[in-house]
Structures are given as C-alpha cells and as structure tokens.
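Undergrad: Whole structure, please, built from the sequences with the hints as guidance.
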Amino acid sequence: MMQSEPRALQLNEQGQLKHFLTLDGLDKTILTEILDRADSFLSMGEQSVKKVPLLRGKTVVNLFFENSTRTRTTFELAAKRLSADVINLDIATSATSKGESLLDTLKNLEAMQSDMFVVRHGDSGAAHFIAEHCTPNVAIINAGDGRHAHPTQAMLDMLTIRRHKGPFEGLKVAIVGDILHSRVARSQIHALTTLGVEEIRLVGPKTLVPDLFEDTGVTICHELQAGLTDVDVIVMLRLQKERMQGALLPSESEFYRLYGLTAETMAWAKPDAIVMHPGPINRGVEIASEVADGPHSVILNQVTNGIAVRMAVMSMAMSGQVQSREYAESKASEMALGEEI
Amino acid sequence: MNLDIDRALSALADNLVEHCQKKQITNPIVVGIHSGGVWVAERILSQLATQEALATLDITFYRDDFSRMGLHPKVKQTVLPPTEDRHVILIDDVLMSGRTIRAAMNEIFDFGRPASISLAILYDLHQAELPIHADAVGEVINLSATQRIKLSGPSPLVVNVVESA
Chain A
85 MMQSEPRALQ LNEQGQLKHF LTLDGLDKTI LTEILDRADS FLSMGEQSVK
135 KVPLLRGKTV VNLFFENSTR TRTTFELAAK RLSADVINLD IATSATSKGE
185 SLLDTLKNLE AMQSDMFVVR HGDSGAAHFI AEHCTPNVAI INAGDGRHAH
235 PTQAMLDMLT IRRHKGPFEG LKVAIVGDIL HSRVARSQIH ALTTLGVEEI
285 RLVGPKTLVP DLFEDTGVTI CHELQAGLTD VDVIVMLRLQ KERMQGALLP
335 SESEFYRLYG LTAETMAWAK PDAIVMHPGP INRGVEIASE VADGPHSVIL
385 NQVTNGIAVR MAVMSMAMSG QVQSREYAES KASEMALGEE I
Chain B
-15 MNLDIDRALS ALADNLVEHC QKKQITNPIV VGIHSGGVWV AERILSQLAT
35 QEALATLDIT FYRDDFSRMG LHPKVKQTVL PPTEDRHVIL IDDVLMSGRT
85 IRAAMNEIFD FGRPASISLA ILYDLHQAEL PIHADAVGEV INLSATQRIK
135 LSGPSPLVVN VVESA
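Chains A and B are the protein sequences, given in the same order.
In this text, residue positions in the first sequence follow the working numbering: the first is 85, and each later residue adds one.
In this text, residue positions in the second sequence follow the working numbering: the first is -15, and each later residue adds one.
Hints are not guaranteed to be accurate.
[Unchecked claim] Quick partial rundown of chain A residues pointing at chain B, CB under 10 Å, derived from the structure: (1) 117; (2) 124; (3) 128; (4) 130; (5) 131; (6) 142; (7) 400; (8) 403.
[What the hints assert, rightly or not] These stretches of chain B come out as covered by chain A in the derived footprint (C-beta under 8 Å, 3 or more residues): (9) 94 to 103; (10) 120 to 131.
Hints are computed from structural coordinates only; laboratory data are not their basis.
Note that CB positions come from ideal geometry on N, CA and C, so glycine has one too.
TA: Here it is, written out as structure tokens:
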C-alpha cells in the first residue's frame, strides 16, 4: 500500500503540526518550537495546581496495541495535566482480539467523538496507517511503532540534552547498544541531525550496528573507547534480553564487558558528559548501577521532561487540528459564495 | 487620536499608590501580563512600595478561545512566586473585554490563594464583556468600532490608535 509523505500528512495548510507520527520531514523550526513549548510546561511544576485548561472538554484515547506501562502513564499524565478526558484502551482484552478489524475499532472510537489517539503498535507504520484512515478531525500521536519511530521519546531526549548542555551545535553524542532494533535510535538520529549536533556516533557490535546506518551521516564505532572519547552526551539503549539467545550476541556478560557503561569506560567521555537511557534499565547489562545512579546520570530528568514534551506535542497537534478545520470551513464558505454569485 | 503615554503612566502610578493606601496593601506581588502589561509594570514598579521583583504572567494556556483560535505561537515564561495569602497587583496595558484578566486570575489561583487581587490598567476602553473592572486606570478611552489600541515596546514604549482590519 502506498503511504502519503509524512510531512504532508503531519502538517496542516499553515505548516503547523496536526499529527505527530515521525520526525522525518520536520524541520528545525518545528522541533525547536516543541522544545520551547515543553520548557513552558516544565515551569508549570512550580504551581500548586499542575494543570492547565487547554484540552478541557477534549477526549484522548490511549490506544496501546503493545504493552508499555511507563510510556502510557506519561501520556496519560500529560493529557490529564492539559485537562483532557483520557481513556486507556487495553487492546489485548478489546474487540480486536475478538476478531474486529483495526478500522472497525477506529470507527467506533471516532463515533465516541474522540479528539486524539495516542497509538503504540508493534508494526512499523501503524500510526501512519491510522492517520490516513481516520477522520481528519482526530489528531494521531505516535507513541512508538515497530522498529520505525518513537518521536516523543527522541524529543524528550533532545529537551534533556538542551537543558543540560545548551545549544546543539558543537555537541558530540554517542548512542550505544542495539541500534538495529531501536526505533528510539532512529528518531534520535533524525532529531540530532536536524538540530545540528557536530557529531553522532553509533556504538556497538557489527550485528547490532550495521554499516547501512552510514548513509545517515553518522560515525560508526565498533569499539567503545573510540565511541566514547570526548563525547558530551552518552545515550545508552536498552538491550532486549530475547536477542541474547539469538546469533546477534554471545551473552549478557560478554556485551557488558565490551560495551557496558561503567565508571572506568565513562572516563573516556568529557568530564561533564551526561548519561541518558530511555528505560527500563538493565543494570549490569548495558550500564553499571554506579553510573545509572551517579552524578552524570540524567535518566530521571528524562522522565520528567517526557511529560512536558508530550504536553507540548498534544497541545500543538490539537491546535493544528483546530486551525486546519477553520481553514477548511473558510474555503468551503468561499466556494459556496462563489456558487451563489 | 493623540495619546500621551507618559501622562497615562503617571496617572496610573498615582491612582495605584492611592488604591494601595486606601486598601492598606503593603509589599504586594506586582504581576505584569505579557507583553504590554510587563512593559507598563516595569515603568511604574519603582513607585510602588514593594520588596518583590516584578512577576510576569503569560496567559496563553488559560485562554478561553483555544477551541476556536488554536494555540498562540509564542508562549513566554510565567514567573510568579507563591501567592498564598499575598496581595497581588495585576497590571495590563489595555482592558477591553475582560477575558485576558479572567484567564490571568485563573492562572494566579493555580499558584495559590492570594489575599487579594487588584487590577491596574493603562488604557480602559470600557468594552467589558465580563463583570471585571480596574481598580486603578491611567486613562479611559472611547474608540469607534473599527479602532483599537496598539502598544509597542519595550523601549521606546509607544502607543497608537490603529484601524482594525
């Protein structure tokens, strides 16, 4: 099936976000706007009521076809802090498991007058598919699809980097671990490139960091020392344990010995480097506890920033939907006027 | 129409000082509403008896027209100390419908319950759509239906009456 261009699908006539499916095709201006808006929401933490009325009266449906308590919870909290009503749909026990098609389920949710779907799906392109087949009045936010994209995770990482390290220009960033299977890494590479970091290094064994990534303009390192030397930011990825049994990796202990982030290997990076991880952490597999809990770690800041970024994306997409509808209505009335004349 | 902004600023400061004396308001939190209100507040802060730094409010997330107009593209930072049991003086450049002030009060209450809120306005257009009035005013202006006030700043601070599109 042919899919429309992500940029055309995501942006309205005024170039504003109306869905958030992928970072592919989004320019620096819009990524910076997301970060600036997220900064405004972060400062809300100083209020005694940590809630604003922006999405009051709107209904947000968390449509999770793949389990992820952490991501679902942060989206739920973000929507609630925007005063939306939130429905969590557990697909494992819902109609799709009884044979109803995805499109039938969507049509039912649309008929309930939902305003936004937050979609997590194991198949790449699922959020895109839903955005194409849904009524245009519903904003679709991709909360992770297959190996394809996890744009809000990448943007919360960008917010964390900007808050700790300032402007992106001149920064060296290492992404370490299972790049091959990581939708987070794919989105991070897009975001870091667009925002103008000096160098992105992908670090890991050849089985998990194949040469095909060179096309994205990154540096590939199969040695941890080469990858970490003088970097400002280290992004550790979660190693999925099921891959240890396959041919891709010999064992957890072997991976930790070669690519694990410890106090010793951390010393190769700049003295003020920050350490990030999308979670959940496998302690002693990709990262040592002393580093995960140490002074360089900003892993818990990422969680806080995640709520602000999701609030920013949700409010911007809803705003883009409103503007798009207004535009369509004004065009329709212009046409009607033309017919009358 | 020729507007003397210095005269209006001076009158606003005098009326506000008088209001604070009458209400026995001491050491208030002075809050400017972005952007014009902040510029006006910066001009008159030194004449008010307060130890507090100027606080600023961006009411973008509290507007009542989000579902019609969408999100304002530029959101500035709200910087407000705890307002619990404090006297707050809210300053804006123009009072028209009163909707901005309603939104500002909603936001202030999300920071705590103040002892009181007073409203100081540089130009009151007397076009209220809500039961909101200013406690201190620089100047009352009557405009025709096609006119509106435009404040430019921060330096120099200039006011113009423009024909609305």
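Undergrad: For each hint given before, does the structure comply? Return the numbers of the non-compliant ones in rising order.
TA: 10
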